[in-house]
Each structure stands twice: as C-alpha cells, then as structure tokens.
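Chains R and V, in that order, give the protein sequences. Numbering of the first sequence is given in our numbering, commencing with residue 1 and proceeding in unit increments. Numbering of the second sequence is given in our numbering, commencing with residue 1001 and proceeding in unit increments.
Simulated from the structure, these hints should not be mistaken for laboratory data. It is possible that part of the hints are untrue.
Unchecked claim - DSS-like cross-link-like pairs, simulated, lysine-lysine; straight-line CA separation at most 30 angstroms:
1. R:287 / R:248
2. R:287 / R:151
3. V:1093 / R:287
4. R:151 / V:1093
Stated by the list, open to error - If you only want the chain R side, here are some residues facing chain V, beta carbon under 8 angstroms, derived:
5. 30
6. 31
7. 33
8. 255
9. 317
10. 320
11. 321
12. 324
13. 393
Stated by the list, open to error - The calculated label-pair distances, taken between Cβ atoms and stated as ranges, are:
14. V:1061 / R:242: 47 to 53 angstroms
15. R:237 / V:1068: 26 to 32 angstroms
16. R:283 / V:1068: 40 to 46 angstroms
17. R:153 / V:1035: 52 to 58 angstroms
18. R:250 / V:1093: 20 to 26 angstroms
19. V:1088 / R:375: 33 to 39 angstroms
20. V:1068 / R:77: 54 to 60 angstroms
21. V:1035 / R:108: 21 to 27 angstroms
22. R:59 / V:1035: 54 to 60 angstroms
23. V:1088 / R:62: 36 to 42 angstroms
Cβ coordinates follow ideal geometry from the N, Cα and C atoms, glycine included.
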Amino acid sequence: MIRLATLSAFVISLFVLTGHTATHPLQESLRGTGNLGVVIERASGSVLIIDTTKRAALARVEGLGDLSHASVVFSPSQQYAYVFGRDGGLSKIDMLTSTLARRIIQGGNSIGGAISDDGTLVAVSNYEPGGVRVFDAATLELVADIPANWKNGRSKTVGLVDAPGRRFVFTLWDAGETWIADFSSGATTPSLTKIGGVGNQPYDALITADGRFYLTGLFGEDGMTVFDLWQTPVVARRILAAYGRGQKRLPVYKMPHLEGWALAGDRFVLPAIGRHEVLWVDARSFKELRRTKVHGQPVFAVARPDGRHVWVNFAHPRNDTIQVIDAPTGTVVHELKPGPAVLHMEFLPRGNEVWVSVRDSNVIQVYDARRFTKVAEIPAKSPSGIFLTARAYRTGL
Amino acid sequence: MCRREVFAMFVGFIASAPALAGGTIEPTRAQELEQLVRHDCGSCHGMTLKGGLGPDIRAQRLAGASVEAITEIILNGVANTPMPPWRSLLSEKEARWVAEYLLREGDR
C-alpha cells in the first residue's frame, strides 16, 4: 500500500513536471542557433536564414546592398552574422530574430572580412580605398584604419583572415606583401608586421585551422607562398615553384577561392589556377604529392569534415558540375550535375550533408554526402555563398 | 492593358532596338550575354560593374573608348593582367554586342 502510494505520487509529480515544462512561457520562443546558417542572394541584396534540421528557410533579410561576392562570419554566440557586401556594406544580422541589427557603409568596394578569435573585432578588406578597416563587433564603430600604402599608392587587399592572438593577416595584391595586424595589446592601433617577397599578383590566401600556416595563391607567376606564423620572424617561403613551369595556362574566367581550402588527412588539396586540375600537397613539407585531373578549372575544393572526400566545383563555362574525389587514392569517385552555375558548397559540421547553391536554378540543393543523393531543395533567389554558424568556431572561416 | 504596361513595352522596345538593328544577336542569346556580363564579368568587375579586382567598366568610365577597342579587349584579353581572352566563348559579333551593351547600359 505504501509502495503504491509512493508510485502514484511519483507519477503525479512526473505529470506535473512535464506539464509544467510544456507550458513554460519561454519554451515556444527559445531556440539554439547551432543548426542555422545564412545564404547570400547575390542579385537581390538579401539573405536567407536557413535551418539545417528542418531543411528550410526561416526568413529573408533584405536591404543589404550589393551582395555579389559577399561573405559572412559569425559571433562566438552564433547569434550574429556579419555580412560583408561588395559595395563596402557591413551588416550585422540577428539570427534569432532574423532582423538587421546594424548596418554601415565602411568602404567603396570590398572583398571579404574576418572576426578576431575573441569575437570583439570585425575586419573588412577593401579594394577601394585599398586596405583593411577594423570595427567593434558590438557597435560597428571604427577601431582602426589600416591603409595598404606602398610605393605606388594604395594596394588592393585580399586574403584577409583571423589568426590566433587577436591578429588579422592579409595580402596586398599590387605590392606583393603580406601584413600581420596584431591587436593583442588591447590598444586600438595595431602593431603591424610587413613581409615582402610574396610574389607577383597574390590573389587570395588561406590560414590552416590550427592558425599556423598562411598560404597565398599567385596569379602572376607559378607556385604559392607559405608563412609559418609560429616562426620569429615570419618569412615568405615559396612552394610548388615547379608547378606549371613551361606549361601554357588556360584563360582564367573565375579566380579560384582558397578560403574553401581542404585539409584531407595529411594533405592539402588546392584548386590549380588556369588548369583542369587539383593539387595535392603534403601538409608538413608543402611538397607536391600528386595532381588529379578534373572536369574544369576548379573554384572551390572543399573536404568533407572527416577528410575522406573532397568536393570540387568549377568555373564558367563548366560550372554545372560537381566532382567528388577520394582523398586516399586521388581519384574521382562521383560526378553530380546540379545545374548551371553551382557557386558554393557547405558541409554540415558532422559531414552528413552538403548544401549546394545553384544560382541559375534559384535553388539550394541538399545532398546526402555519403550516398550522393539529393534529399531536399530550398528555393532561393540567385544564391551564392552558404555560411553555417558552425564557422563561428573555425579559425580562418 | 494599363498605361504603365504600354510604357514598359515601349521602353523595352527602345532598349532592345540597337540589338535588333544589328539583326545578329537573338533576344534569348542577348539575355544570356547580359547574364554573362553581370555575373561572370562581374566576378572581377563587380555585378554593378564598378570594379573589384578588375577595373571599373561602367559606361561613364568607358566613355571615349570605341566599340572596336573594347571588343578587341574582350576577345583578346589584356596581357599580364587577369583579364582573359573570351574568344573561345564569344563570337566577334557577341563580343561587339557586349561592348555596345557596356557603353549603353553599363551604368544601370
């Protein structure tokens, strides 16, 4: 009898407890942001807030200016997305309310940005006026202006990334220099380190996820340049210098992106410029290991998070195709035809799905990353970049 | 048909008149070429053509350049710069259409 009474009391209290949580006034409105993302709608100056669990767009945020070639970084809370527009616009979007929290026009012509490791500074790379501007991540007020001055005026800046220790690293296209802006002292004026000898026309750069190596791609000559940020002083070291020597490069209709770089196990895979190839490079010695012939000139080569497969998309006029390369063997194991103008691919952080923007079909396609089957389509207007909030915890993304 | 629609049709006719006058580029191909200018040329020159890694190519900047000179740059590229030759993707007529488009509508 006592036992029955205890049991019924337990059942009643369980009922009351569950009843209580179900009617908690906050529960309906509370949600996490770890499964959200932003899709750039490049032609309409808008972004979609996407939910990767529901495989759906939750809302559209408009009025963001020229978003051709836009990119996004996230606050450590994953609540805010910072959108870098082509027209110099810097927009801060609240992912929870799908609203524009703040927006400034910080330059005339911009090419990407980065957020410091502590989440307090947002930096923007500008073609015009050439240089980098750094803003308070909370207020978007200007903290530092770093004009990229060199002997012939101001240089366009490319390849801006965050580096550990409240630093930003970027490269001067015209000057062939890489600069490190160090904000670790807390002062609003950074200490600047300028490294020459990068090479001719560095067009983009990447930083490895451990924050140690910064690699710049060169348009004006063969090879690449690598910087070991653990060294003192940091020096430019040429790698892959033999690559392409004596070979005629094809016309380049779209510059490859290095930001979507891939570390697949113990090797990098890099899109070759002006060739229908990707390059495999040893991640420690930076020596070329092999090349894989691919469908066209690669734009992004993105590794599945486990590093087993690398997905590659291509430049105009071969941009309707994706190829999947097996990293251990370097062979193409699958080919997809999502449709004209595949612009970007983003893996979910555990690697189970990949989200693909197909600009001219006005759609985001979602693929099972192991079976290569399409599992969903989400309408979007001229979609380009797809940025998931998991990037908040990745150096260089 | 309301007055605004008639006006829009009239404007559309005027806008496409130079291409029709040439009589060489089909309207569907012209649409593809416009898409190419905005999105593919735009990857270096910006979707609004005001420049990026490549220079500003809006009509006001190109003013004074001849259709022939711009067509030549489109077809053959510019040595020692990232501007590629488009000859393998565009016919001479199409390159000329693009040059005329830039001079005519590149400010839009």
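So, going through the hints one by one against the coordinates:
{"no.": "1", "hint": "R:287 / R:248", "verdict": "holds, 22 angstroms"}
{"no.": "2", "hint": "R:287 / R:151", "verdict": "violated, 34 angstroms"}
{"no.": "3", "hint": "V:1093 / R:287", "verdict": "violated, 46 angstroms"}
{"no.": "4", "hint": "R:151 / V:1093", "verdict": "violated, 42 angstroms"}
{"no.": "5", "hint": "30", "verdict": "violated, 39 angstroms"}
{"no.": "6", "hint": "31", "verdict": "violated, 34 angstroms"}
{"no.": "7", "hint": "33", "verdict": "violated, 29 angstroms"}
{"no.": "8", "hint": "255", "verdict": "holds, 7 angstroms"}
{"no.": "9", "hint": "317", "verdict": "holds, 6 angstroms"}
{"no.": "10", "hint": "320", "verdict": "violated, 14 angstroms"}
{"no.": "11", "hint": "321", "verdict": "violated, 16 angstroms"}
{"no.": "12", "hint": "324", "verdict": "violated, 24 angstroms"}
{"no.": "13", "hint": "393", "verdict": "violated, 29 angstroms"}
{"no.": "14", "hint": "V:1061 / R:242: 47 to 53 angstroms", "verdict": "violated, 40 angstroms"}
{"no.": "15", "hint": "R:237 / V:1068: 26 to 32 angstroms", "verdict": "violated, 46 angstroms"}
{"no.": "16", "hint": "R:283 / V:1068: 40 to 46 angstroms", "verdict": "violated, 51 angstroms"}
{"no.": "17", "hint": "R:153 / V:1035: 52 to 58 angstroms", "verdict": "violated, 34 angstroms"}
{"no.": "18", "hint": "R:250 / V:1093: 20 to 26 angstroms", "verdict": "holds, 24 angstroms"}
{"no.": "19", "hint": "V:1088 / R:375: 33 to 39 angstroms", "verdict": "holds, 37 angstroms"}
{"no.": "20", "hint": "V:1068 / R:77: 54 to 60 angstroms", "verdict": "holds, 57 angstroms"}
{"no.": "21", "hint": "V:1035 / R:108: 21 to 27 angstroms", "verdict": "holds, 25 angstroms"}
{"no.": "22", "hint": "R:59 / V:1035: 54 to 60 angstroms", "verdict": "violated, 28 angstroms"}
{"no.": "23", "hint": "V:1088 / R:62: 36 to 42 angstroms", "verdict": "holds, 39 angstroms"}
Against the hints set out earlier in the document, violations occur for numbers 2, 3, 4, 5, 6, 7, 10, 11, 12, 13, 14, 15, 16, 17 and 22.
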